[in-house]
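Asker: So you can see what is in the structure, the chains are spelled out below.
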Amino acid sequence: MQNFEQYNSIITTGVYGSAIALILIGLYAVLIKKHLIKIVIGLSIIDAGVHLLFVAIGYIKGGTAPIFSPGNEDAVNKMVDPVPQALVLTAIVIGFAVTAVALSLVIRLYKHHNTARIDQIKSLKW
Amino acid sequence: MNSFFLILLILFAGAGLSFVLGKISSIISGTVAFLSIAAASALFFTQIEMGSFIEFSLGGIQLQWGLNSYGYLFGIIVLGLGTLASLYSISYMQNKERTSGFYFNFVLVIAGMTGIIFANDFISFFIFWEIMTWASYLIIIYSGKNVKKIGIKYMIFSAIGAYSMLTAIVMIKGQYDTFLISDAINAGAFNFIDNIYIPILLLIGFGVKAATMPLHVWAPGAYNNAPTSFTVIFSGAMSKMGVLGMGLVLGHMFTADRSGSLTNFFSGFSVIYLQQTIGWLGGITAVIATLYALIQDDAKKLLAYSSIAQLGYITVGLATGTKLGVMAALFLAVVHGIFKGALFMVVGAVERQAGTTDMTKISGLIRKMPFTFLTALISIIALAGIPPLGGFVGKWMLYEALITESNSYFLVIVIFFSSTAAFLYSYRFLFGLFLGQEEKETEQVKEAPITMIIPMLVLAILLVITGAFPGLIFSPIATAMEFIGFKDVTWNMSVLNNVWGNEMNLTYLGITIGVVFVSIFAFITLKGLKGTRYVGTKDISTSGEIPYENENLTFQINFFQPFVRAAAPMYKRSMNKIWNELGNGLEALFNFTRKIYTGNGQTYALFVVIFLVLMLLFKDTLFV
Amino acid sequence: MVISPVHYIAVPLLAAFTIPLLSKYIHKELARIVPGIVLLYSVFVSIVLMMQVSEVGVISEKIAGWSAPWGINLMFTPFSGFLASLMSVVGFLIWLYSYNFKKIEQSQSQKYHILQMMMVTGAIGIVLTGDIFNLFVFMEITAITAYSLTSFYRERDGAEAGFKYLLIGSFASVMILLAVMILYTQLGTLNMAEIAQNAHLIPTPLRATILVLFLVGFGIEAEMFPLNGWAPDAYSQSPGPIGAAFAGIVVKAGVYALIRVIFTLFDIHGAYDFLIYGGLITMIIAETAAVAQTNLKRMLAYSSIGQMGFVLIAFGIGTKTAIIGALFLMFNHAVIKSLLFMSGSYLTYNSLNKKISALAGLGKKLPIVSLLFGLGAFAIVGLPPFSGFWSKLYVLTAAADQNMLLLIMAILAVSIIEIIYYFRVVSTLYYGKQEDEEIKVQKPSINAMVSMLILGATIIVVGVYPDIITHFLNNAADMLLDKASYIQAVLTQNIN
Amino acid sequence: MKKVLVLVLLVIVGYFLTDTFNLIPFGENRIGNPQDEQTVAGYYLNNTVEKTSVANTVTAIVVNYRGFDTLGEVTVLFLATTGLGSILFRRKEDEEEIERINKPSSSLMQTGSRVLFPLIALLGIYVFIHGHLTPGGGFQGGAIIATGFLLMLISYKNFKAGHTMLNWVESLAGITFVSIGLWGLLTGGTFLENVLPAGELNNLISGGVIPIIYIAVGFKVAAELTGVLDILLNIKPKK
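Residue numbers (the working numbering), protein chains in the order written: chain A, 50 to 175; chain B, 44 to 667; chain C, 19 to 514; chain D, 13 to 251.
None of these hints come from the bench; they were simulated from the model.
We put the beta carbon where it would ideally sit given N, CA and C, even for glycine.
Hints are supplied without guarantee of correctness; some may be wrong.
[Unchecked claim] Some but not every residue of chain B turned toward chain A, in silico, with C-beta under 10 Å:
no.: 1; residue: T403
no.: 2; residue: I639
no.: 3; residue: Q645
no.: 4; residue: L649
Construct the entire structure; sequences and hints are all you get.
Answerer: Right, here's the structure in full:
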C-alpha cells in the first residue's frame, strides 16, 4: 500500500506537473519566439496542457472508463467522472479550429509582408 | 395643447421647416424662421400666465416647465431680441451660402433659450442649454472660417462649462434627491452650508457663457466669427443665459439665512471670499476686455471685446449680493441686450452694405447710412454710460452699490477705469465708421434695406424709452429679484431711492435730457447730411515723404497708439496663451500614452500575462 | 410551433449549413439573401419574446429535454432578452447595410454573410445560455467568425489585425477554460444558476483564482485595458459593417459575460471596484489615444474602447440607476457606433488609409451620409436631445448617489476629449479643404441608406422620448440585481 | 531583458497554477456517491443507462445531455472552414497552376497510402458508428477518416478531395443534426430532444437519435477536417 501511495504521488506530480509544464512552455514560446509558426505552436501547446489538466481532474483513483458493458453495470461507483472528458472533446475541436485559422492567417501574413517574424509585422500601431 | 409645449413646438417646427425650405430659397427660409419666432414671442407674452407650470416625466425623471418672474425678465430679452434679429437676418443673409443650416440653428438657439427660461428643473435646463450650445457652435463655424481654432475652442469651453454644471446637477440629485430647481433652493443647495462644490461648479458653468475670466478666451473669436445677425443674439441674449444662471446661484447664496449653527461661520466666511473673487474676476474681465477693445481695428471685434467688458460689469453687480447691485446688474443685462444688439445690427448693416467692418478702410458713412448712424449713436451713448440713456442708470447704481453697500472701493476704481476707457473705443467706433471723410471706396454704399432698418430703429427707440423710464424695466426686475431670494424689493415707477434715502426722480430728468439730446443728435445728423467739401482720408500731406501707393495712411491706423503704449504690459500676458500651452502639453501627453499600443502582437500578449500575474498576486486582497 | 429562445440559434445554424447547397444548386443570390431573412426572423423572435417576457418574467428553455443542471438551458430574462434583441436588430441592420456592399461583393460575399450571421448568433448564444461551458463554446463561435471577418479584405492589413486578435483571443479562451475547469472541480456543476447558489462554498483562494481568470478572460473580450491591444487594429482593418458589428454585438457579448460572472456567479465586492478602476483606466487611455489618430476608423475604434470602459464603470457602480445607465449606454453604443462605422465607411470608401483629412469637403458630396455621421458624433459625445445624453445622465446620477465626485469629474473630462476629436472630424467633413487630388466618392446603395436612416431615427426618437426603452431597461436592471429569482427560475424548471 | 521578465512571469504563473492544483487533489472522488445524484456527474452515471440506453456515458453527455455544446462545436469547425476559405481566398484571375508538393512522394508511400486509406476510413466509420457503445465517437471517427485523406493528400500530388462531395457531406450532416434538433421541437418537446425510442442497451441500434447524430457528426468532422487540410495544402507557394 505504501508503494501505491508513492506511485500515486508520482502520478499526481507527473500528470499535473507535466500539464502545467506544457502550459508554461507554450507560454514561453508565445511570449519569446518571434516566428509566427512557433507562436502558433506555442498556442497549441498551451491548449494541450489545458486539455491534459482537464482530463486529469476527472480522474478518480482506480476508476474505470465510464462505459457500461454487459457485466459491469454495477461498476458505477468505480467510474471516473465523464463530464470533463466530454468537455475536453469540445475544447480540443475548438482548439483545432482556432489553430487552423491561425495558420491560414500566418500564410497570409507571410505573403503580405514576406516575413514571418512578429516584430517586423507592425504596420498597425498607436 | 399647453402653451409651453406649443411655443417650443412652434420653434422646433420652425427650425425644421426653415431647414427644409432653405434648400429652395434663403428668403423663404428666413421668413419662416422670423414668423415662428414671432409667433412664439406673441404666445409667450400673451398666453402664458406668470407662475403657471406643467409637470411631466421623461425617462423616469420628473420634469417641470413653468414661467416665473425671473425667467420672464430674460424672456423679454430673448424673444424680443430674437424676433428683431430674425427679421434683420432675412436681408442680411440674403445672398449667402448654406442659409438653411443657419436658420435651422438660429431658431434652435432661440428655442434652446426659451426652454432654459421655461425650465423649472435642472434636467430640462441642461438639455436646452446644450441644444443652445451646439446650435450656436454650428452657427459660429457656419462661415467655414477659423473652424478649427475658434469653433473647437468654443466647444471645449462650452463643454467645460456644461459638464461642471452637469456635475453640480447630479450632485444636487445625489444630496437632495431632487432635480427641481425650487426644491434644490429650498433644501439649501446654493447656500454653501452643506456643500461648497455645487455652487462653485454651477458658477463655472454659467461663467463660461457669461465670458468671465479666466473662461472668457472663447468669446472674442466666437462673437466675431459668427454671422453678425447671429452675434446680435449671441452677445445680446445668449450671454445673458450665463447671467441668468449666475444670478440664480449668487442671489440665493447671498440672501440665504446663515445665522445659526457652528458650520455657518465657516460658510459665511467662504461666501465673503467667493463674493470678492467673483467680483474681482468680473472687474478684471471688464478692464482687460476694454483694453483689448481699444486696439481692435475691426468694428465687430471691438464690439465683441466690449460685450465681454459689459458682462464683466454685470458679474460685478451680481457679486455684490446687495439689492441695489443685483438690480443694477439685471438692469445692465437688459439694457446691454438692447444696445449691443443694436450695435451689432449696425455693424452688420455696414458689413452688408460696405463689404467690410474694418475701421481703417471705411469712414464717413454718415451720409450714406443715416438711420444706421442714428442707431449707432444712441446705442453708443447707452454703451458709454452717458446720461440720460440706460447705461448711465445701470452704472450709477453699480457704483453706488459698490461704494455704499459692499465697500469695495478698489473694485470701484477698477470698474471706473474700465468704463472711462470704454469712452475711447465708443468714440472710435462711432468716429471710425460714420464720421470723418468719405472714402472713395464707399461711394457706392447705400442705406441698408428696410427689414434691417426697422429692427435697429426699434431697438434705438427702446433705448431712449428705457433711458427715460427705467421703471419700465425696473418693475419686472423687482419681481424677478424676489424669485432669486431678495425680499421686499420695492420699486416706484422711475423713482430711484438711494441709500441715503434721497429720491431721484428720473422721469423728469430723463424726459428733459432725452429731448435735448435727441434734438441735438438730430441736428448733428441733419447737418452732417448737408454737403461739405469732399476730401479723401488718404489725402494727407506727408512732410516731403512720398507715400507708396498701397500704403494706408488713414488716421484710423494706430488710433490709440499712445494709450496702447502706456498699457503695453497688459497685453503681454494673455490668458489665451496659457490655455493654448495647457492644450499643447496635454496633446503631447496623449501622444505619449498611446505609444502603449506598440503594434507588436507579442507585446499585447505580454501585457495580458503581466496583468494576469498582477491580478493573481493581489487576488487575495482584491477578491475576498 | 411556439416561438422560443432556441430559435435564435437553431434557425441560423440550419441556414448556415444549408446555404452552401442552396447557393450552389438553386441560385447564387440565396447565399446573400437567406442570412438576411434569418436575421429578420431573429428580430421577429425578439419582438415576440420581449412581449412574452414582460408578462411571464423569465422564459427558460431546456435543451434536449434535460432540465438544469443536468442539461443546458437557455434563459430569456428581461436582461439577457434586451441584449439579445438589441443584437438581433443591429445584426439585421448590418446585414441590410452590407447587402450589395461593393467591396464585399468583390471578395466572397457568400462567406461574408454566413460569417456575419453566425457572429450575431454566437453573441446571442452567449447572452442566452445558462451554462458556463456553453457560454465558452458560443464565445468561440463568435471569436472564430470575428477572426475571419477581421482579415476579410485582402488589400488591407487585415491578416495582421486578425492574428493579433487571435493571439489575445486564444489567451482569453485558455483562461476561461481553466476557470471553468477549476469551477467544475469545486462544485461539480456547470450550470450558472447552481454555481451562483453554491459559489460561497468554494475555498476563498480558489474562488479568487477563478474570478481572476474569468475577469482577465472576459476582460479581453470586453476590451479592458491593458487587454485590448487587439481592438483598435481589428476595428480598423475589418470591413466597415464589421466594425459596427464589433461595437454593437461582439463586445456587448464580452461585457455581458463579464457582468454575468461578477453579478450572478461571484457577488464579490472587489470585483465591482475592479470594474470601476479597470473601466476608468480603459476609458482614459483609449480616449486620449483617440485624439491624435489620423485614421478615422482607428479613431472610432479607440472611442469604442473608451465607451466600453464607461459601460464597465457604470456596471461597477452597481446600483439600479447605474445598471439602467449602463444598459442604456450599451444600447446607445450599439446604435450610435454602428451608425458611425457605417457612415464612416462610406465617407472613407476609396481612401486606403482612411485618413481623416481625406474627409475634407465630403459634406457637400455626400450630404446625407455626412449628416448622419454628424448626428452620430453629436449623440456619442452625449449632447442632448440625442440618445447619448440620457445614458450619461443616468450613470452620472448613480455615481453622484454614491458620492463619487472624482469619478464624475474624470468621466466628464474624458467626455471633453471626446468632443474635441469628434468635432474635429465633423468640422473637417464640412469645412475642410481638400489637400490631395479628388478622391472618388461612392454613393451608398438604397439598402445601406435605409439601414443608416433607421439608426439615425432611433438616436433622435430615443433622445427625445427615452421612455420607449427605459421601461425595458428598468426590468432588465431589476432582473440583473435579483440573483435569487434567476437561480430560482433556472432550478425550478424541472417542475414544468 | 524581455526574456528575464517573461521568465519571472512564467515562474509566478507556474507557482499559482501549482498552488491552485494543490488544492485540487489528483484522483480524488469528487463526484461523491453516484447513487446520491448530488452532482451532475453522479446523475449522468446513474441515469444514462436507464434513460438513454447508451453504454458510453461520455457519448450520452456529448450528444444528448450537452448536445447543444456539440452543435456549437460542429459549428465552430464549419465556421473555421468557411473562415479559412475567406481568408485564403484567391480571385480567379490570379489563380495559377497549383503546385502543392514539389517532389512527388515515393512509390512506397503512394502504394502504402492506397492500401491503408480504405482501412483507415473503415476504422473511422466503425469508431463513429459504435460511438454510443465503445470508446470513441463522431469526432474521433471523423478525425481518423481525415487522417486517411491527409495521407492521400500528401502522397498524391494530384489528389483532389472533391469539393462537391465535401460540400454535400458537410451540409447534409449539419442539416441532419439541426433537423433532428428541430424534430424534437416540432413534436412538442425541446430542441435536440431524444425523440426516438431508446432501444436496448448495447445494441447497435439503440439510444434513439444519439447514434444518428454521432454518425452525422462523424461525417461532418471528417469533411471539415479534410476541407481544412485541403485548403491549407493548396496554398500557392510564394514566388
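Asker: Hint by hint, note whether the structure agrees.
Answerer: The hints, checked one at a time:
1. With a cut of 10 Å, the hint placing T403 of chain B at the interface with chain A is violated, because the nearest CB-to-CB distance is about 48 Å.
2. With 10 Å as the threshold, the beta carbon of I639 of chain B comes within range of chain A, its nearest partner Cβ sitting at about 9 Å, so the hint holds.
3. Below 10 Å, beta-carbon pairs count as interface contacts, and Q645 of chain B has one with chain A at about 5 Å; its hint therefore holds.
4. With its C-beta approaching chain A no nearer than about 6 Å, L649 of chain B sits inside the 10 Å limit, and its interface hint holds.
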